[in-house]
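**Student:** In order, the protein sequence lines correspond to chains A and B. Just add 30 to the spot in the first sequence (first one is 1) and you have the working numbering. Just add 157 to the spot in the second sequence (first one is 1) and you have the working numbering.
Check before you lean on any hint, since a few could be wrong.
Which chain B residues stay away from chain A? Per the calculated CB distances, all over 12 Å, these [unchecked claim]:
(1) K169
(2) E250
(3) S391
(4) E411
(5) I413
Computed list of lysine-lysine pairs in BS3-like fashion (alpha-carbon distance at most 27 Å, straight line) [stated by the list, open to error]:
(6) A:K149 <-> B:K166
(7) B:K194 <-> B:K358
(8) A:K175 <-> A:K200
(9) B:K166 <-> A:K57
(10) B:K358 <-> A:K99
(11) A:K200 <-> A:K149
(12) A:K55 <-> B:K194
(13) B:K183 <-> B:K253
(14) A:K175 <-> B:K183
(15) A:K58 <-> B:K253
(16) B:K194 <-> A:K181
No wet-lab data here; the hints were simulated from the structure. All residues carry an ideal CB built from backbone N, CA and C; glycine is no exception.
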Amino acid sequence: MLEDHVLIWKFKGGSREALCRIYQKYKKDLLRLATILLNDTGDAEDIVHDVFLSFAQSAEKLKLHGNLKSYLLTCVANRARNVNRMHQHRRTVGLDDAEQVVSDAKRPDEWIVCSEELKRWSDILARLPFEQREVVILHLRAGMKFRQIAKLQDISVNTVKGRYRYGLVKLRSILNGEVEK
Amino acid sequence: MRSAENIEKLVKNLDLDMDTNAQTDKAVLTELLDAQKKSMKQDSAIALPNIGRFIMKNPMTKVAAAAVIITATILGLFEFIGTGSSSGVVWAEVAKNVEASPGVIFRIRKTGSGDPNDQWPNGYTVMQRNATLSRTDWYRGDQIHRTVYFDLVGKTKIWVAHDASVYSKEAMSDEEIQKMRADGLGWTNPQGLINRGLTRKHHTLGQKTIDGVLCEGIETNDAGDDVSNFPVKSFSARLWVSVKTAYPVLLEIEVIGGDDGSIRHMSMGDQFQWNVDLSAEDVEPEIPTDYKPLE
């Protein structure tokens, strides 16, 4: 019932209730996005935790003119990209050869409880190169426009559209391959 | 074989259900609240002002109606431009800032003698305004009680009584819109904060610290003829502006009226959030599906 502008307004005034509400309202969207972007629940939990933590500390300096959900999703996407870069670097230097997976093994402090469908799709989408996966997910799941994604990634709209197209082609081939199996 | 369009639809509509572990959830939230607390300076500019309850006198039936006018009048009582200050605030800059703000959100708290809707100290009103949108939410405690919304471009007015789970959504007539623009928009439009009541006489109040923020104030005692619908005996409206940011921080209005001076009313506007981009999409109230339309 409380709309986001009022929530932000209250949050900036120091309202604990507003922070709780924002957290409850968006935690799943953020965790879900992080999970399908990274296909790793541990990393997803870490970045969403960090996004919320820095948001909680930002009340006085937060200048949010747009949509709160988009803002938080963008923060998650930015951090996911950084985590991905870090993993790539680690793999390049041979520090981390392990596959990232949405694991079935339960950790005692786990935060995300994934459905089978989420696990399955995280695995499928993980077969796309990160750049393509990110564009496909941000456009189709987070509802972001290509223009917004281009700004977020600091690339041209045409590049975003290209990645999206290639991403869909690859996804189609993965899914059709699954069906044929 | 799936087509590209099918894939798009499929991914878009996937039901990727998930849940969170309640214990971890609680731990994370506790950490967030702790971080929030630590990060908020004790002397925050937007912390709640500590102002005592206004002493009320006898019940008066007119006050409820008067309150509406006072709320509408709370903003824009001052002639900013040309108000000199040698100590800090450049009032022309305040005027410029307020005029340039695309939208504003703020809180109003008020009390009146005999006002049946008296909600002090737990009740308050949150207002969201820009040039064409106006939304007012009445809260009791932290529970939303009523909402009134006008969209002059979308020509829509919505009224929601959350306590009774009913609502009304109607189209605004051109006449209504015109009237609102002429009468009310001065108050719903940030520019109106300046342009209304430009001719009131006022004096400076000097500086004082309000919740840790150094402010400079001006006061008018000129009620004019549009402050209330009852005879006014005494009127005082004060505007406090941050010296640092040149944005309004606090507005206070006190009215004593009635033939015997028994009507007392106090309104305060605070927690201003300036430079907010408000769109109809964001501001329009969401009506829960179980609410019934008012016949």
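**Student:** Taking the hints in turn, state whether each one holds.
**Tutor:** We went through each hint and held it up to the structure:
no.	hint	verdict
1	K169	violated, 5 Å
2	E250	holds, 19 Å
3	S391	holds, 31 Å
4	E411	holds, 24 Å
5	I413	holds, 30 Å
6	A:K149 <-> B:K166	holds, 19 Å
7	B:K194 <-> B:K358	violated, 42 Å
8	A:K175 <-> A:K200	holds, 21 Å
9	B:K166 <-> A:K57	holds, 24 Å
10	B:K358 <-> A:K99	violated, 46 Å
11	A:K200 <-> A:K149	holds, 19 Å
12	A:K55 <-> B:K194	holds, 20 Å
13	B:K183 <-> B:K253	violated, 45 Å
14	A:K175 <-> B:K183	violated, 34 Å
15	A:K58 <-> B:K253	violated, 42 Å
16	B:K194 <-> A:K181	violated, 33 Å
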